[in-house]
Amino acid sequence: MEKEKVLIKGNYAIAQAAVNAGCQCYFGYPITPQTEIGEYLSGKMQGLGRGYVCAESELAAINMVMGAVSTGVKAMTSSSSCAVALMQEALSYAASDELPVVLVNVMRTGPGLGYIYPAQGDYNQAVYGGGNGDYKIIVLAPSTVQECVDLTYRAFYLAQKYRNPVILLADGLLGQMMEPASFGDYPYPEVDVSSWALTGAKGREARKIYSVAPDEKKQIQHIYDLHKKFEVISQNETSYEEFNVDDADYILTAFGSMTRNIKAAMNVLREKGLKIGAFRPITLSPFPYTRINELATKKKDFIVVEMNMGQMFKDVKYAINGKSNVELVNRPCGEWLSVEEIVSSVEKIIGRKQYAASI
Amino acid sequence: MQQVFSIPKSMKKDFKYTFCPGCDHGIAIRLVAEVIDELGIREDIISSTSVGCSVFLYDFLDIDCVEAPHGRALASATGVKRARPDKFVFTYSGDGDFASIGLAESMHTALRGENISSICINNTTYGMTGGQLGPTTLLGQKTTTSPTGRNVDYYGYPIKIAEHIALCEGTAYSARVALDTVPHINQAKQAIKKAFQVQLEGLGFGFVEILSSCPTNWHMTPEEAHKRVREEMMPVFPLGVFKEVNNGN
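Chains as they are written, first to last, in my numbering: chain A, 1 to 359; chain B, 360 to 608.
Hint data in this document are derived by calculation from the structure and do not stem from the laboratory.
Model, not experiment: these values are computed from the prediction.
Certain hints may be false.
[Claimed, not checked] Okay, the calculated beta carbon distance ranges per label pair:
#, chain 1, residue 1, chain 2, residue 2, range
1, A, Gly130, B, Gly489, 42 to 52 Å
2, A, Lys228, B, Met593, 27 to 37 Å
3, A, Gln46, B, Met593, 37 to 47 Å
4, A, Pro111, B, Glu582, 47 to 57 Å
5, A, Ser42, B, Asp445, 38 to 48 Å
6, B, Asn510, A, Gly43, 28 to 38 Å
7, B, Met360, A, Asn132, 53 to 63 Å
8, A, Tyr115, B, Gly489, 38 to 48 Å
9, B, Gly489, A, Glu205, 28 to 38 Å
10, B, Phe364, A, Glu205, 54 to 64 Å
11, B, Asp445, A, Asn267, 52 to 62 Å
12, A, Gln46, B, Asp445, 17 to 27 Å
13, A, Gly203, B, Asn510, 49 to 59 Å
[To be verified] Covered stretches of chain A (in silico footprint by chain B; criterion: 3 or more residues with CB under 8 Å from a CB of chain B, positions within the stretch not fixed):
#, region
14, 24-34
15, 49-62
Glycine included, C-beta positions come from ideal geometry on N, C-alpha and C.
Build the full structure now, drawing on both the sequences and the hints.
Put into structure tokens, the structure is as follows:
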């Protein structure tokens, strides 16, 4: 496919990227603000002779994905916030069964039914999970429609490469906005799944994909193995972006589409002569703890900007581990924190600190 | 000397029998294995497993299996079949998995007419957890969560699964069988075979409900338990074929 740019809505970009990535099956249930993904894929998948089911619920949808990916094909579902809550049981199973499930969450507001205002309140749900037991999910957070494409590609690749569920954590703003984006070809190699995929026990021993046998030693070992795998994922796949951090006194930190506003706020504050940098995790899980800690060791303070009550804030604080200071600028949902609001909040924080230092 | 009886080829060679004495799961799984052998489909099978006593199917059969959470076997099976329409896909669940926690998934799989075969063991109780009231518990039946017996005012009615599945337009075959006598066992095998054949012929959803004993949780001997299947279950859950679609019909 040509690298030509098209003006496209985030939800459609995710859907088309899934098609390009070779997603063989889509299963989903409608919920605003991500319904366009299922709408777009319904006709596409049928036309391509691939699988598509309007599932009876999100429970069914993600379990259909688990069944499909167990055969070695790529498959996905998409949903939003309160409905992703319904899928948490399956994510725990998929992590334990090491099934390469891809789930797109285009966040809306919670808790409960909430509403379709943009928000980033599912950071904890995605990163820490709502399923039972010790398991970890890979979480990717796009900040532009272009990244909706790029990270959808990456989600399919990482899911199969590590046999681990992956969540693409977008939000209503990204899902609904139009931006230029180019697709290109799926940039990753195809992962060999022949050693584990279910294809019928022809000429080999039967395969059983299941959590674990009722055997204490095996269960303990299984959990250690899953966590060892995630250490490898952390080493290989942790990714982030940083801007002007070298001379910065303060580093604005955000994830997802809030990244756009902290970059703009950084530029405004730099013009005012303040040494401000910006940092943005691309993988929320694995989280770039090490890099944040390095920056904190250089006495750079962090200001976390997010549309929730301080969910990523806790991870940044944990990464800093007391080596520098961290502040929170936030709103729980609704109108995105504007560049002006971020600038004025940062000025207040800096002014307060300077005043405190002067007395 | 002529060999007249052997273990089906689809059974694993090293399995341990893990069901309670007198439980009908053993007979049901053996019948499934015989049908798999007779249809020659072992190497094409991908099965989605259930939760409950029925999950142990995967310890007995030498076939590819993927685990599904409780009640989601039919959703998982739908995913398998849509991804690999060339494979033979079946589920083996209890009544709790199929008709209580998984009723939506089971019903919608039938409504969509998925080319999937499904077997449901109806023993009127939750066996694995020690005999609680389930979706098929009979009126008057005492369980650990209906200690004075199931009464309608308090607990509502049991579900007639095979009849409900027969009402779904995507269903190609729906039958209820039992395992209490040799003739019934033979009929049960034919029903399983039919439910498998409709998938092979692409006719839609194939379903068999098997009335089964649970001597442990019914506090009965195996013989008493089969008598209960006949005298108490069959009047409420009559045996028979409730829907059968043939090729071109």
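Status of each hint after checking the structure:
At about 28 Å, the CB distance of Gly130 of chain A to Gly489 of chain B disagrees with the hint of 42 to 52 Å. Checked against the hint of 27 to 37 Å, the C-beta distance between Lys228 of chain A and Met593 of chain B comes to roughly 54 Å, which is inconsistent with it. Gln46 of chain A and Met593 of chain B have their C-beta atoms about 45 Å apart, which keeps the hinted 37 to 47 Å range intact. Take Pro111 of chain A and Glu582 of chain B: their Cβ atoms lie about 55 Å apart, and the range 47 to 57 Å holds.
With their beta carbons about 23 Å apart, Ser42 of chain A and Asp445 of chain B fall outside the hinted range of 38 to 48 Å. About 52 Å separates the C-beta atoms of Asn510 of chain B and Gly43 of chain A, a value inconsistent with the hinted range of 28 to 38 Å. Under the hint 53 to 63 Å, the C-beta atoms of Met360 of chain B and Asn132 of chain A, about 55 Å apart, fit the expected range. The given range of 38 to 48 Å is respected by Tyr115 of chain A and Gly489 of chain B, whose C-beta atoms sit roughly 44 Å from each other.
A beta carbon spacing of about 34 Å between Gly489 of chain B and Glu205 of chain A agrees with the range 28 to 38 Å that was offered as a hint. Checked against the hint of 54 to 64 Å, the pair Phe364 of chain B and Glu205 of chain A fails, with Cβ atoms roughly 26 Å apart. Remark: the range hint 52 to 62 Å for Asp445 of chain B to Asn267 of chain A is upheld by a beta-carbon distance near 56 Å. As the Cβ distance of Gln46 of chain A to Asp445 of chain B is approximately 18 Å, the hint placing it in 17 to 27 Å holds.
Here the CB-CB span from Gly203 of chain A to Asn510 of chain B is close to 56 Å, well matched to the stated 49 to 59 Å. Given a C-beta distance limit of less than 8 Å, the hint that chain B covers the region 24-34 of chain A holds, as 3 residues qualify and 3 suffice. Evaluation of the coverage hint for the region 49-62 of chain A: fulfilled, as 9 residues show C-beta separations to chain B shorter than 8 Å, against a requirement of three.
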